[in-house]
Amino acid sequence: MQFSALQLATMLDGKLEGNPDVKVSNIAKIEEAGEGMLSFIANPKYEEFIYTTNASILIVNESLVIERPIKSTLIRVKDAYSSFALLLEQYRYLTGNKSGIQQPSYIPKSVKMGENVFVGAFAYLGENVVLGNNVKIYPGVYLGDNVIVNNDSILYPGVKVYDNCIVGSRVMLHAGCVIGGDGFGFAPQPDSSYKKVPQIGNVVIHDDVEIGANTTIDRATMGSTVIRKGVKLDNLIQVAHNVDIGTNTVIAAQTGVSGSTKIGQNCVIGGQVGMVGHIHIADSTKINAQSGLSKSITIPNTSLTGSPAYDYKSSLKSQAIFRNLPDLEKRVKELEEMVKQLLQERAGV
Amino acid sequence: MQFSALQLATMLDGKLEGNPDVKVSNIAKIEEAGEGMLSFIANPKYEEFIYTTNASILIVNESLVIERPIKSTLIRVKDAYSSFALLLEQYRYLTGNKSGIQQPSYIPKSVKMGENVFVGAFAYLGENVVLGNNVKIYPGVYLGDNVIVNNDSILYPGVKVYDNCIVGSRVMLHAGCVIGGDGFGFAPQPDSSYKKVPQIGNVVIHDDVEIGANTTIDRATMGSTVIRKGVKLDNLIQVAHNVDIGTNTVIAAQTGVSGSTKIGQNCVIGGQVGMVGHIHIADSTKINAQSGLSKSITIPNTSLTGSPAYDYKSSLKSQAIFRNLPDLEKRVKELEEMVKQLLQERAGV
Amino acid sequence: MQFSALQLATMLDGKLEGNPDVKVSNIAKIEEAGEGMLSFIANPKYEEFIYTTNASILIVNESLVIERPIKSTLIRVKDAYSSFALLLEQYRYLTGNKSGIQQPSYIPKSVKMGENVFVGAFAYLGENVVLGNNVKIYPGVYLGDNVIVNNDSILYPGVKVYDNCIVGSRVMLHAGCVIGGDGFGFAPQPDSSYKKVPQIGNVVIHDDVEIGANTTIDRATMGSTVIRKGVKLDNLIQVAHNVDIGTNTVIAAQTGVSGSTKIGQNCVIGGQVGMVGHIHIADSTKINAQSGLSKSITIPNTSLTGSPAYDYKSSLKSQAIFRNLPDLEKRVKELEEMVKQLLQERAGV
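Protein chains in written order, with UniProt numbering: chain A, 1 to 349; chain B, 1 to 349; chain C, 1 to 349.
Derived by calculation from the structure, the hints in this document are not laboratory data. Positions of the beta carbon are idealized from the N, C-alpha and C atoms, including for glycine. Hints are not guaranteed to be accurate.
Stated by the list, open to error - Calculated lysine-lysine pairs in the DSS-like style (CA-CA distance at most 25 Å, straight line): (1) B:K330 - A:K317; (2) C:K333 - A:K330; (3) A:K340 - B:K340; (4) B:K333 - A:K313; (5) B:K333 - C:K78; (6) A:K330 - B:K78.
Stated by the list, open to error - Ranges between beta-carbon positions, derived for each pair: (7) C:E48 - B:S192: 31 to 41 Å; (8) C:R68 - A:K195: 47 to 57 Å; (9) C:N97 - B:S192: 27 to 37 Å.
So that you can see chain A by itself, here it is in the shape it has in the complex (with noise of 0.2 Å):
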C-alpha cells in the first residue's frame, strides 16, 4: 500500500510543507527511516535528526521550528504521537483485514458464522463451533467441537482450542498457543502407578485478552479456567487448571501458574515467575521475575522478589549482603579470635 503526503494530511487533519505528492509504503523509527518511509517526531530530544533523515515524510508538531533546510515533506498535527500511533493502528488494521474462506478448510454443517468472518486454509472447525463477526481464523486453526469464538477476535496460525471452550470479544490468541488442553491430574495407585483424572471442565477467556505465542491454558477438572477482561499474557507462559486471573492483570514470558491459584485484578507479574497451587494473590500486586511464589499474598498493593518470594525491599537488602557473604564469614570469624583472646586473658589472670 502506498499513501501520498496530501492523503495522510488530509487523513490526520494535519497543514502540509513540501511536495504533496510524494509516496510512502513503509513506516520507520526516525535514525532508521529511509526514502519511501513515514515517520515522526514527538520528542525534542529527536528533533536533531529531522536535518539529516532520509523520511519521504514526517509527522511533527504544530509548534515545531525548522531551523535549516530539510529533505522530508512534513505534515503538522496538534500531537504528533497520537497521530502517529493512529496511523500505526490503520496500517496494522489494513494490513490484517483479510476475510472469506480458504479452501481447503473443515467446517461442518454445524458450524455458525458471524459476518465478515475469515477462515484461513486448513483450518478446522468441530462440530457446533460458533464464529461471531469479523472473526478472523488464521490458517491451521484448530478448535473442537462447541467452541465459541465471539466478535472480533483474532486467532493466529495453529492456535488449538480444545472442546466447549469460549473465547470472548477482541480477544487476540497467538501462533501456536493451546487453549483447553486436559490439566494435569493424576491419583497415585497402590502400585506407584498414576490414574488420569479426567478433565471434562473446559477454559473461558473474557473480552479484550491477548495471549501469546505458545502460550498453554489447561481446561478445568470440572468447572472453568478463567482469564478475565484485559488479562495479556505473553508467550510461552503456563496456566493451570482452575487457575483464575483477575480483570486487567498483566503477565510476562515463561510464567507458570499451578492449578486452583486464583490471580486478583491489576497485577503485574514478570516473566519466569512460579506459583504454587491453591494459593489467592491479591489485586495490584507486583511480582519481579524469576520470583517463586508459595504462600497466598492478602495484602493489595504488595511489591515481591526471590524465591521463596518476600516483600521487595527486605529481599534486596537479603541479596545485598549475601553478595557480601565471604567478607561477613570473615569478620565473624576475626571476632571469634579476639574473643577467644579475651577469654584466655581472663583466664590466664
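Since the structure of chain A is already known, use the hints to place chains B and C on it.
Structure of chains B and C alone, referenced to chain A:
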C-alpha cells in the same frame, strides 16, 4: 448427549429416589451445578449443598440421610465418588470417541493401520507409518517417516513427531508437543562458529505415558531418548537428547532436563526445575519447584530444593536466615563495636 | 537404504577386512549396535567392544591392532571419527532430501520459488512469499505475506512465520517455533486497562542460524528483532521485540530475553536464564543456567551466575556460605553470649 435418571441408575446399579425421567446433559461441582446437570456428594462437608443445589440429579452414598425436602433426583450407590469418577471417564470416552479418516488428510500407501483408527483432516502421515488399533490422530498432526504409534494412543491437534520415533500404547500426546526434534549439539570451530552434530537417534515413548501441550522431547544423537512406562509430563517441558526418564516419574510444567541425564523411577519433580546434563537422579527423588540440579542424586528418596539444590530441610533453614541477613549483619556490627571497646579498654589499662 | 561394506569402503577410501558383501541399514553406538548396523571405534577406551559387538560393519583407525577373532567386517581409515561423522551427515542428508510440491498446499500465484524446493502438504504460503533454492517447507508450515526464506533453509512441521519476516540461508527452524508474533507492548490507560501498541516491525534471521522447537521470537515494535549469523537457539526460548542476538552466540533451552536487550557475539548462555529489557551483554559473556540478568554486562569474557547474577567465582563462595548459614548464625549467637559475659564481668568489677 442426554441421560435420564433411570438410565444412570441402571448404569451404576444404584437406587433411584425422585423423578426417573429427569434428564442431564452436563456435569458440574455441587456448588456450581444448575438445572440439567449431574453432580455428586461424597464428602460430608458438602452435604449442606444438597438442600440448595439446582442439580437435576445427584449421586450420593447409600447411607446419606435427608432431613429436609430437596429438588434433585437422587441415585444412591455404595461409593458416590467412585461411581462419579466412572461416569466422568465414560463421559470423556464417549465425547472423545472419534473414528474414521477425515479428508483431506495425507496418507501414503505404505502406511499400515489397525482397526477403529481416527485420522483428522490435515493430518500428515509419512512413509511406512504404523498406527495400532483405536489410535486417534487429531487434525493437523504430523508424523514423520517410519513413526510407530501403538494401540489406544491419542495424539491431539498439532502434535509433531519426527522420523523414526516410537509411541507406545495408551499414550496421550497433547496439542503442539514436539517429539524427536534435533538434539542441541554443536561442535565449536576454530573461527568461533559452530558445526552441527547430526542427530540420528530417535525418541522412544513407552506405554501409559502422558505428555503435555507444547512440551518438546529431542531425539538422541545416537540411540534413543527414552520416556518409560507411566511417566507423566506436564506442559512446556524441555527434555534434551539422550535423556532417560524412569517408570512412573511425574514432572510439572516448564521443567528442563539437559542432555544424557538419567532420571530414576517414581520421582516427583516440580515445575520450572532445571537439571544439567550427564547426571543421574536416584529413584523416588522429590525435587521442589524452581530448583536447579547440578550434581547427581545418589541416595533414593531424597527431597531437595534450591538453586543449586540440596537437602530440603537444611535449605529451608538457610532460607529463613537469608530473610534475616540484614539483622544478622547488624548483630555482627554490634559485636564488633563491643569487642573493639573491650580491646581498647584492655590496651588503655 | 542399505549399503554394502564394499560401497562404504569405496566412499571413505578405506581398506576393507572381512566380507565385502555384508550390508548395513542403520547406525548405532558400538555398545548398542546389532546385526545390520554400522558403528565405529575412535577412542581406545571402546576397543574392548570390538570382540563382543554384533555390528556388521565397523569403521576403525588404520593403526588398530586386532588380537582375537571378531565378527564384524572392518573398514580401516586414517581418522575413524571424521569418517564416521561424514557418513552421519550424508545419512542425514539422504534421509531428509525431500523435494517437490505436495498437495494440498496453499500457494498463491504471487509466490516465487527457486530450484529444488520442497513444500509439504498443508503448508500455507502468503502473498509474495519468496523461497530460495533447495528450501524445504515441511507439512503444516505457515508463512505470512512477504516472508522471504533464503537458499538451503529448512522449516520443520508447524513452524509459523508472520508477515514480512526474513529468514537467511542454511537456517533450520524446528517444529512449532513461532517467528514474528506481536511484541508484548501495551500502554496503561487511566481506567487500569491496557491499550495495545501496534507491532509493525519484523524479525530478521541471518544465515546459519538454528532455532529450536516451540521457541518464540517476537517481531519488533518498529524496525527489526535480529538474530545474527551462526546463532543457535535451543527449544522453548522466548526472544522479545527488538532484541538483537550477536553472531555465533548459543543459548540453551527455556531462556527468556526481554525487549530491546542486545546480546553480543560468541556468548554462551545456559538454560532457564532470564534477562530484563534494554540491557547490553558484552561479547563472549558466559551465563550459568537459571541466572537472572538485571544489569548490562560491559566487560567481555565475564562469567556470571545467580539471580540476580554476578561474578561466577564470588557467587559460588556466597552460595557455599549460604548452605552453612545456620552454622554462621549459631557462631554469632555464641559470640554474643561470650561478649555479654565479658561485658557483665567488666561491669561487675
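Status of the hints after comparison with the structure:
| no. | hint | in the structure |
| --- | --- | --- |
| 1 | B:K330 - A:K317 | holds (12 Å) |
| 2 | C:K333 - A:K330 | holds (16 Å) |
| 3 | A:K340 - B:K340 | holds (13 Å) |
| 4 | B:K333 - A:K313 | holds (21 Å) |
| 5 | B:K333 - C:K78 | violated (68 Å) |
| 6 | A:K330 - B:K78 | violated (68 Å) |
| 7 | C:E48 - B:S192: 31 to 41 Å | holds (37 Å) |
| 8 | C:R68 - A:K195: 47 to 57 Å | holds (53 Å) |
| 9 | C:N97 - B:S192: 27 to 37 Å | holds (30 Å) |
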